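Engineer: Based on the sequences and whatever the hints tell you, model everything.
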Amino acid sequence: MLKITNIHKKYKTAEVLKGVDIQVAKGDVVVILGPSGSGKTTLLRCLNFLEHADQGEMEFGADRLQLASASAREIAKVRKKTAFVFQNYNLFQNKTVLENVTAGLILGRGIKRPEAEVIARKALAKVGLSDRETYYPLQLSGGQQQRVGIARAIAVNPDVILFDEPTSALDPELVSEVLAIIKQLAREGTTMVIVTHEMNFAADVATHAIFMAEGNIVEQGSPQDIFLHPQQERTRKFLRRILPQVEYNI
Amino acid sequence: MDINYQFLEQTFYLVLAAVPTTLNLTVTSLLLSLPLAFFMALVRLRRTRYVSGFVGAYITLLRGTPIVLQILLIYSLLPSLLHALVGTLGWTINVFDWNPILYAYLVFTLNTTALLAEVFRSALGSIERGQMEAALCAGLTKVQAYVHILIPQALVTALPNICNVTVNLIKGTSLAFLMTVKDMTAVAKVAASYGYNYIEAYLDVFAGYIIICSIVQVLFVFAESHVGRFRLIKQK
Amino acid sequence: MRPFAPEFILAVIPDLLPYLGVTMAVALGSIVAGSLFGTLLAWAKLSASTLLRRLAVAYTYAIRCTPPIVLLFIVFYGLPKFFLEVFNVNINSYDKIFFVVVSFTLLFAAPVSEVMRSAYQSIDRGQYEAAVSSGLSPWQAFYHIVLPQAAVIGLPNFGNSVLSLLKEGSLAYTVGLVDLIGRGQMIIAHHYGAYAIETYLALALFYLLLTLGVEKSFLQLERRYSRQKHNGEEAGYGY
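Chains as they are written, first to last, in our numbering: chain A, 1 to 250; chain B, 1 to 236; chain C, 1 to 239.
Rather than coming from a laboratory, the hints here were simulated on the basis of the structure.
There may be inaccurate statements among the hints.
[What the hints assert, rightly or not] Cross-link-like lysine to aspartate or glutamate pairs, in silico, EDC-like; alpha carbons within 20 Å at most:
1) A:K95 - C:D124
2) A:K95 - C:E129
3) A:K81 - C:E129
4) A:K80 - C:E215
5) A:K10 - A:E173
6) C:K81 - B:D2
7) A:K126 - A:E115
8) A:K81 - A:E59
9) C:K167 - B:D2
10) A:K3 - A:D159
11) A:K12 - A:D28
12) C:K216 - B:E128
13) A:K81 - A:E51
14) A:K183 - A:E173
15) A:K26 - A:D63
16) A:K81 - A:D159
17) A:K77 - C:E129
18) A:K18 - A:E219
19) A:K95 - C:E215
20) A:K80 - A:D159
If you're wondering where the values come from, they're calculated on a predicted model, not measured in any experiment.
Structural biologist: Here's what the structure looks like:
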């Protein structure tokens, strides 16, 4: 459904993405792992044009476009088919929880308010925050804010949801509530691309895992392949460092 | 545009000659108001019963009225008042002979004191209580604590605002001509009325103020980096 | 010395009152026009064009170093000359209030552009990114998400600029405009210099009430619009 070929991105003199290809089929949960500086977040942000790639091609459903020269219209179209969950939530500070979720529907997609609110409430119910509708982001804990961020993403019914290290900014005891929701979404067949450090979670939820380092994909495959039988030394080094002993439940 | 460049040049030198007066007004008023403002800030922070209210009223009055009005008031009130005072005391001083710059010093000092008092209050107030407590525990007296610990830290916060107040003071002195003081603006006005070369004269004085303000701001940047040395590591 | 007559202070107030309108008209006109021009300057400071940025910054710097009275004189004497020679249009007969408002507009725009720029830049870029990721257009993201937050942040500083402008507006009488102070000078001249102190005190009263009124209004506005932040502190992050 979504395919990127040969994506390149440079920051000043350093090349952050050195010709990466990635493919996402409907219902896939693609997990991207790697050390910091590997380019995984940049890759994710290029997918909905928060960063602009220098080179590369995108096939999204029936649309085909060049990443470097995409027009504003093409970009808007891609953004309407995707949703993004940020590491630091980025909830709209000046809007209530409900308004945060309806903003994309009312303003971005022209849906009328009553209908948008119905959709939003369903999404909020799904993340377990129906009773916090009228609260402002500053009144919520980190875990709650991120759950609103997820509700905001699922409300617009995107073809794929992009997650940028969704739990990295959370206190440890709040991480599991957010992961639980993502797992639930995976079970329901939501297509997702997730950049994360949570290895157990990644092993649990992924249908496809990608390991990146220094702007390249080092290895990719099914979770079994990557976590249990890593072929590349670089992958093994990374997994060893992150988890000395681990039990995956794949 | 038709500008009399010869006049422009001549007047510029006249304006430059008046710069010392402007600086005189600025520096004197600033130096006089610094200690006064500091004590006012302390009074306000301590909230001493009546004094704090009085100081607060003073500050509100001086910040809530235009400086031109303060100048007009003082200049119409003080000479006659002093004259009457001198008369009743039987002294033979002629008050009206006094240099009008004294009234200018008074007005600008009163005004700047009010502004600086607020700056100091907020800067001192932003220092954590723990600093004073730690100093006292280490055996310093209150005065030593202020001099060695609190004021240096407050100064870092306060300096940009003091720069602002100073720049505003320089601009404020442009009104000293109302008290017949021969500052830069007064000189420009006089030069302008000679040959009706208004725009040239005012452009000159405009340039003059920009030069002075720029120099003052550069000085403050030096001061800020010097005083804030201990902050350099904490910056980002 | 003429005895001080406090009753004159009250007596002169009805005489001055009608001219309050002139003072306020000058202030309002300068604030509105100055805010518009200031928005343009702020936009220029944030634009990609180095030339625009430098021009806007230079303008702000120059105005910040200029005494209001000097700017007033430059506009009052210079603008007619400029219009005459460049556009061949004679504006010498324009009402003085025109020059006063132009002058204070130019004056007000400089600090306002700084207030706007710094408020805008203090908003985390993530807000914009989240908005466009949700499908909003860049303009919608700015107008519905970034601008409201920036406005709340800039409000206190904008209020300070307004207060400064009110006080600087008192200089208008020096070019002959008959506003509050202008009228006050007329009254004093009418009495051959007597009652100067009383008149000035009455004027001080007017300005004091004006500035206190504006200050209170802005505090109210600030309180109302940062409701969201206060809610957070009161509710204690409802875990």
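Engineer: Does each hint fit the structure? Answer for all of them.
Structural biologist: Hint check:
Note on K95 of chain A and D124 of chain C: the hinted pairing holds, with a Cα-Cα distance of about 15 Å set against a maximum of 20 Å. About 15 Å separates the Cα atoms of K95 of chain A and E129 of chain C, which keeps this hinted pair within 20 Å; it holds. Taking the CA atoms of K81 of chain A and E129 of chain C, the gap is near 16 Å; set against the 20 Å cutoff, the hint holds. At roughly 45 Å between alpha-carbon atoms, K80 of chain A and E215 of chain C are farther apart than 20 Å, so this suggested pair is violated.
A C-alpha spacing of about 37 Å is found between K10 of chain A and E173 of chain A, which places the hinted pair above 20 Å, so the restraint is violated. Between K81 of chain C and D2 of chain B the CA atoms are separated by roughly 9 Å; this keeps the pair inside 20 Å, and the hint holds. Between K126 of chain A and E115 of chain A the CA atoms are separated by roughly 17 Å; this keeps the pair inside 20 Å, and the hint holds. Between K81 of chain A and E59 of chain A the CA atoms are separated by roughly 13 Å; this keeps the pair inside 20 Å, and the hint holds.
Between the alpha carbons of K167 of chain C and D2 of chain B the distance comes to roughly 34 Å, so the proposed pair goes past 20 Å and is violated. Restraint check for K3 of chain A and D159 of chain A: satisfied, since their Cα atoms lie roughly 13 Å apart, inside the 20 Å limit. Among the hinted pairs, K12 of chain A with D28 of chain A is inconsistent with the structure: their alpha-carbon atoms are about 34 Å apart, more than 20 Å. Proposed proximity of K216 of chain C and E128 of chain B is contradicted: the alpha carbons are some 29 Å apart, above 20 Å.
Pair hint K81 of chain A plus E51 of chain A holds up; C-alpha atoms about 17 Å apart against a cutoff of 20 Å. Distance hint between K183 of chain A and E173 of chain A is fulfilled; the C-alpha atoms sit about 17 Å from each other, no more than 20 Å. Straight-line distance between C-alpha atoms of K26 of chain A and D63 of chain A comes to about 15 Å, which keeps the hinted pair within the 20 Å bound. For the given pair, K81 of chain A sits about 5 Å from D159 of chain A by alpha-carbon distance, which is consistent with the 20 Å threshold.
As the CA atoms of K77 of chain A and E129 of chain C are separated by approximately 16 Å, the hinted pair is consistent with the 20 Å bound. For the proposed pair K18 of chain A and E219 of chain A, the alpha carbon gap of about 14 Å is at most 20 Å, so the pair holds. Using a Cα cut-off of 20 Å, the hinted pair K95 of chain A and E215 of chain C is violated, with the two alpha carbons roughly 27 Å apart. As the CA atoms of K80 of chain A and D159 of chain A are separated by approximately 9 Å, the hinted pair is consistent with the 20 Å bound.
Consistency with the previously given hints fails for numbers 4, 5, 9, 11, 12, 19, ordered from lowest to highest.
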